[in-house]
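Undergrad: Given chain A's structure and the hints, the job is docking chain B onto it.
Chain by chain, the residues:
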Amino acid sequence: MTGQAQLLPGTLDLLILRAVSLGPLHGYGILLRIGQISGNKLLIEQGALYPGLFRLVRQGLLKTSWGTSENNRRAKFYELTAAGRKRLREETDSWNRLAAAIGAALGAQPEEV
Amino acid sequence: MKLLAYFRSLAARFLHRSQLDAEMQEELRSHIQHRADDLERSGLTRAEAERRARIEFGGEARFTEETREALGGSFIETLVQDLRFSLRLLRKSPGFAAVAVVTLALAIGANAVVFSVMNALILRPLDVPQSESLWVLESAKDKDASQSYPDFIDLRDRNRSFDGLAAFNVSLAGLDAGEGRSPAWALEVSGNYFDALGIQPFQGRLFHPSDEHGPNSAPYIVLSYAYWHSHFQEDRGVVGRTVRVNKHPFTIVGVAPPAFHGTVLFFYPDLYVPMVNQEQIDGANLLDARGNRWVFEVEGHLKPGVTREQAIADLNSIGSYLEKTYPKDDGNMTFTLARPGLHGDYLRGPMEGFLAGLMLLAGLILLAACANLGSLFAARAADRSREVALRLALGSSRLRILRQLFTEALLISLVGGAVGLWGSAALLRGLSAWQPLPKYPIHVPVNPDANVYGLALLLAMASGFLFGAVPVRQILRTDPYGIVKSGATATTGRRISVRDLLLVAQIAICAVLVTASLVAVRGLARSLHSNFGFEQRNALLLDTNLSMAGYTSDTAPVVQKHLIEALEAIPGVESVGLADAVPFAESWASSLVFTDKTADLRPSNAAADAFMYRISPEFFRAAGTALLSGRALTWHDDTNASRVAVINCEFARKIFGSVTSALGGYYKLPDGIRIQVVGIVEDGKYWSLTENQQPAMFFSILQSPSSSTWLVVRSSRDPQQLAAAIRSAVRDLDRGLPINIQTRYEVLDGKLFAARMATVSLGVLGAMGAMLSVTGIFGLAAYSVSRRLRELGIRMALGAQRKELLQAALGRPFRLLAFGSAAGLLLGILASRVLASIVYQATPRDPLVLAGAVFAMALLGLVATWIPAQRALSVNPLILLREE
Chain A
1 MTGQAQLLPG TLDLLILRAV SLGPLHGYGI LLRIGQISGN KLLIEQGALY PGLFRLVRQG
61 LLKTSWGTSE NNRRAKFYEL TAAGRKRLRE ETDSWNRLAA AIGAALGAQP EEV
Chain B
1 MKLLAYFRSL AARFLHRSQL DAEMQEELRS HIQHRADDLE RSGLTRAEAE RRARIEFGGE
61 ARFTEETREA LGGSFIETLV QDLRFSLRLL RKSPGFAAVA VVTLALAIGA NAVVFSVMNA
121 LILRPLDVPQ SESLWVLESA KDKDASQSYP DFIDLRDRNR SFDGLAAFNV SLAGLDAGEG
181 RSPAWALEVS GNYFDALGIQ PFQGRLFHPS DEHGPNSAPY IVLSYAYWHS HFQEDRGVVG
241 RTVRVNKHPF TIVGVAPPAF HGTVLFFYPD LYVPMVNQEQ IDGANLLDAR GNRWVFEVEG
301 HLKPGVTREQ AIADLNSIGS YLEKTYPKDD GNMTFTLARP GLHGDYLRGP MEGFLAGLML
361 LAGLILLAAC ANLGSLFAAR AADRSREVAL RLALGSSRLR ILRQLFTEAL LISLVGGAVG
421 LWGSAALLRG LSAWQPLPKY PIHVPVNPDA NVYGLALLLA MASGFLFGAV PVRQILRTDP
481 YGIVKSGATA TTGRRISVRD LLLVAQIAIC AVLVTASLVA VRGLARSLHS NFGFEQRNAL
541 LLDTNLSMAG YTSDTAPVVQ KHLIEALEAI PGVESVGLAD AVPFAESWAS SLVFTDKTAD
601 LRPSNAAADA FMYRISPEFF RAAGTALLSG RALTWHDDTN ASRVAVINCE FARKIFGSVT
661 SALGGYYKLP DGIRIQVVGI VEDGKYWSLT ENQQPAMFFS ILQSPSSSTW LVVRSSRDPQ
721 QLAAAIRSAV RDLDRGLPIN IQTRYEVLDG KLFAARMATV SLGVLGAMGA MLSVTGIFGL
781 AAYSVSRRLR ELGIRMALGA QRKELLQAAL GRPFRLLAFG SAAGLLLGIL ASRVLASIVY
841 QATPRDPLVL AGAVFAMALL GLVATWIPAQ RALSVNPLIL LREE
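Protein chains in written order, with my numbering: chain A, 1 to 113; chain B, 1 to 884.
Excised from the complex, chain B in its bound form:
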């Protein structure tokens, strides 16, 4: 009640301050008039009466001051006073203010950016209705979320835990809306997809289970809002129109709502097509292939009241039924449920680890910034000790002085936080619009939201209090009489102060960051020049899917042969190799393999899971993969010949025990087909740079055809010219075939995305850490020089040499720098082990890295102490001694 009244009056005062002041003035006037009336009655003239009344009343200022205090809100009053005073002080030292604000802006900005990314990718729930009950199925064993279509159907129909299980797959389709074919990213979805997710149409209708009547029965598409906006100019008449998808007629039935873009956080599909029409989209029908796990994800909402554990148990009982019923195709069907958005735990795990690491680093940066500002503040407080002493002597309370100091600290931290947030918001907007991999509709929507603003505010306040607290002890210990009497020349002495420790900690943090970023950069540079089992230079990659032009697996080989011949005819082309997929490209296939002696071909008996490529005879030559023994594939390895394969060394070791015993040997595929090994090639990297050595096998594209087509074109011609020549050659062959051309290096680039991001973020944080260290050391050095100017002057007057002078002035900062760097370097080397999982070949035991880190720290020290050193050297003892 009282509190409420207090706040009400506080609010009223704030809102009607001028009104209240006017009222107070009027009441005062009224009082004096009444008193004057009385005095006039006792015989005074009016003027004299009013004068007397005013004198009797006493100080008007005191009246208003005390009345205001009685009104409450003296807190605000004091705050405004303190703010005004702080502003005045800061205006007097703009250098200090600017350094402090920029330091904090950088540190808080870095935190805001990292947190925004974490917030967008990990913390923020997916933007679909009731996302908290939405779960993605994944294998408990290897965290793989993909399923086969028949298994999906069984899971969908047999489970009792979900309000509908839906499936989707990512595919590239050629869409022709009357203006020529262009590639569009499609989500192949199960009929119940939109219903299970609870999505309502923006225009027209969405798919329903009733649309599905077997393969190719639902030639409908739903457009994403963004694609409708960019390709159909939001034409409402588009619903009902027939367009061609891979030359097959499809009817547009509706448009999805603007906020919906599927359930993979950063993937923005152009359109949605029913999964039952897979054959028309992908060129192959895998709807009955129980062993082929091509469905990207299966997901659904849990029924109300069903727990995650119950649902997992339910799924596992279906899994064991499937294992028993289909032993050849389904092995190890145990499930777990993962949060949606990042392809189960496959991406979420590493992403969480990486972002948590970054957040930690950003936190350290902020801590370093606080340490920095803390020592700056302490130095300032020391400089102001005379003023503080005077105020104390005049009766100000220590609390009041501390309050003003904290107000100043908070003012700086809030301004710094605002600037930092503003900068990070700009950066994040850029990041959101950025499409990291040009071929893919991938965006990372990291726009800041209320959480981010809240965190930034919190961090700003916390850091304000943190660095504001550093000089507290100093103020509390101030002895006003001593200082006023003798002046503020008392030196801090030689023992280690909190300020020194802060600086050492900060330098150590900076050294950690510098070392880590150097390790990452070196690792990245090295990984670009290591052996991948193919030659990166002088190779162009062309990829297309012939199904987009209406070819199927059966008709594709003819076109592929024509393609190879057309490209080989281009002048300057040395060789052309064709494959259904190439290492490091986004699509890949793998198959379980069995030793020849295995009779029971159930998955648990498999000898290995090997990468599988279907290639043309020239592929190894074009790709630059060395054939170690045996022969390459030839055009005679077709459907009439016996099935053969070329394998890599790892495959030979795993299945045959050694490389020498593999040649000529046989092994089996899950369908029982025996394959003879005719050649062995060098090992390579197939999926990621950091992978362990994987087995791989290469089949003849003639023996197992595919419409997915990659061509490696080896030529030393200029890539741009060559690409143009390739385009015209392909156009001559099939006008409407959409193709994508990139250099081998660019493909690798995409693969290195994570490593590059890690390196860039570490580099940025490292640079920030370095900057903070420079300001920190600079602050200390400048302060120590300015405090000892007089001493330096005397030393100089007594004939000290430059070297001795510098030693006296800067010895301490340099010792701190050396100590901090050594500690940081050591920590950095330890921390770099973590890095090795992200950046290939990141190792701190690299003389170049160590030398680089030491050099960088020395350079930082030099930069930071240059100006103070100049100042120390330019001391003019005469002027100095005269001034004091």
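Excised from the complex, chain A in its bound form:
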């Protein structure tokens, strides 16, 4: 489990939205998808995922439906709503700006100042 980064507060929601934006997923699928798209570099507690999911559903960013998974098991699938898609766009932009700014700040060389 080396090389895994702790999540910054508030970033789990963004990751969930991103994971689900690639297609409807059930809870465990979302965990796998985040692991896959982040190159297994992020540590997410399995139990911590669900409060985030319920919060996003309550905010109307995700919608749910019960269906059958690839393992032929009953599962609850999460899907982006229009509002969720919009939020993902906004959050991604703002994250990129923040990351760029912080990256620039941290990467600044003495002669550039």
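Please keep in mind that the hints were generated in silico from the structure rather than gathered at the bench.
Among these hints, one or two may not hold up.
Which residues of chain B face chain A? A partial, calculated answer using Cβ under 8 angstroms [unchecked claim]:
| no. | residue |
| --- | --- |
| 1 | Ser30 |
| 2 | Gln33 |
| 3 | Arg35 |
| 4 | Asp37 |
| 5 | Phe57 |
| 6 | Gln435 |
Note that the Cβ used here is the ideal one computed from N, Cα and C, for glycine as well.
TA: Showing chain B alone in chain A's frame:
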């Protein structure tokens, strides 16, 4: 949007809580299964894979808890938790819970009752269509709503502001529907009455202006729904039937709707008859008498767009026209408009004042209850300081602890409010069904409505917050480490605390109430034994209206003479007096009088407005009124003799300047007739116990006959037997004449209704205040004893005497009691001045009242501290010291 979603999820959670929980469980299961599938693929057995998956997932409880929190509704969750905790705490101390709930139930119940009455009589609009535009005419000068019939006709026809002005008058009629005559209360109404009020018939039809064609032209009656129900068993065939009213045939044309009972709030008439038939109902025709204001009320809806001020100006211009045109009859015709329901401002004014006073007292009671509970809560919080400190030390926030305290306070206040409301609703139902004056169809419809329930809820919540707030400071100041270390023995010290102030305030309020109720009771008792100008004991009163048996003013005197003779013949009867009205009875007449020198007899020149009674020669003897000088009337003072009168002293002083100069003198009535004074009687009370001394004159019933008949029968025989004898004597004379017999005292009773109500309500509130004080003092004393048990034990072990022990334990509560009582007594004496306007001879400067109040407060203190004192005295130092 967000908020909406929040509420939706809150609601959904509430409604489908179990469903949601099940869904969460299923999702959890599904997650673990999927994880186990993966682990199984990596080579684990199924059982091992599932076990591992579950461990990886982490605490299931935490998952559900956090998920629920994310779902919203943690507020409700916390509330439920707090409620459960509070219930558990209260179950542990049922005594405290019971005292708190009962205290609040009483206080909120009292408020609900008083408010219901106020709501029903003052706040709630009259139950007629568009009641907000309905107004009653009344004189701007003396707030008198009565009018004469010709004036009413002029006002009705000449005004441009009203959608029809209607008039009504209250009258008692003898109704014979084939089963014998029985008295029924009738509203004599103008033809446009129902149209002007916008009332639709329940059965048949109602009256219309087209029914009226001069005197006695409309022999129709409309039944009230209640009378139709009780006397005609809701027989739909009743419309069109002919019945006899005072022996005259009348046709029932319809039934009024169930909700309608006229426009006097508490008066429920049996039937409605056209006013133009007055002669047949009342036995006299006053339709042309412009000077006789017998019409009870004139009322109407304002036209849309017309303001009250415009309407008053309109009426006043008619008034000044009437003054100019009929100077002899109409003086001072200026008008104002009053809300309907309580006979203009005549009843509304005093009623509003009285109810506002009661409401204030009830509010004080609630405040006292809150003070009481506040100190109980503070004491409890102090007892719990260890627990609170422990919770704080373990990381609970102060806010969370306060929240629980408030939840507990609100729980108690809501339960108390519900109990109080339930009790008051029962009381109000009884009050609504109650008929305070048996002879009259009077009900006070005070059933609680949404307003009352709303107020009770509001009061409960407010008082919950109020007394819940008392221990807040205490909690906020709690130092967890100090208390956990040293135990909760820190004494509160000797300085005055908020709790003490609350208790003093509460005792003062109680003392005010006790003093006020004692003042009222004393006043009432005294007023029953003061001199009214007649003798109350050993007198029966018989009243009837001969017009109910078809006699008119002209034929009545003969029957009246027979009646007197028949009653005088009854064994044991000392004397029988007859009059058209007696003092304190419901009907009365008065007339303007002029000095003999006045030539211009317009109302503004009148010397006085005097009560007028027409009496038989024996009346003064039967009534027990003392003749001071001159002679009484005789049977020779008839229509052939010159007009004479006996007057009271006040009359003599007002018209003739002194009692001595009045005898033999003359004065004039508005129609110019000169009257000679032949006798002078003592002053008395004529209309109300609190009235100023009024002038009164007594004419011979032979010189001005009336069919209204009151007989005073003086006898020391048992009233019941005598009444039976009187009934049979009257039956022998005229089988169908309905009569009403009561003792003189009962008539007075009716008059004292307001005073009695005031006394009873004050007494009840006073008792409540006393009860609250007892619990308050008890609470403080018990608490102070329990806090200092150890100290008391040590004192006892060191050889303290009982007296010293008590002083140590209860000195403080007693000092507070003394201080509060003194303050309350002083306030009560000041407040009692207000009472004097309702209760005759209510004065706080009465040694008995003062002694009574002091005694009552001392007794309260004794009762409240008895149990704590016993506890303090029974301290066993050995056991106590061992326990600690």
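Undergrad: Take the hints in turn and mark each one as holding or not.
TA: Comparing the hints with the structure gives:
1. Ser30: 5 angstroms, holds
2. Gln33: 6 angstroms, holds
3. Arg35: For Arg35(B), the interface hint holds, since the closest Cβ of chain A sits about 6 angstroms away, which is under 8 angstroms.
4. Asp37: 5 angstroms, holds
5. Phe57: 5 angstroms, holds
6. Gln435: 61 angstroms, violated
Hint 6 alone, counting from the list given before, is not met by this structure.
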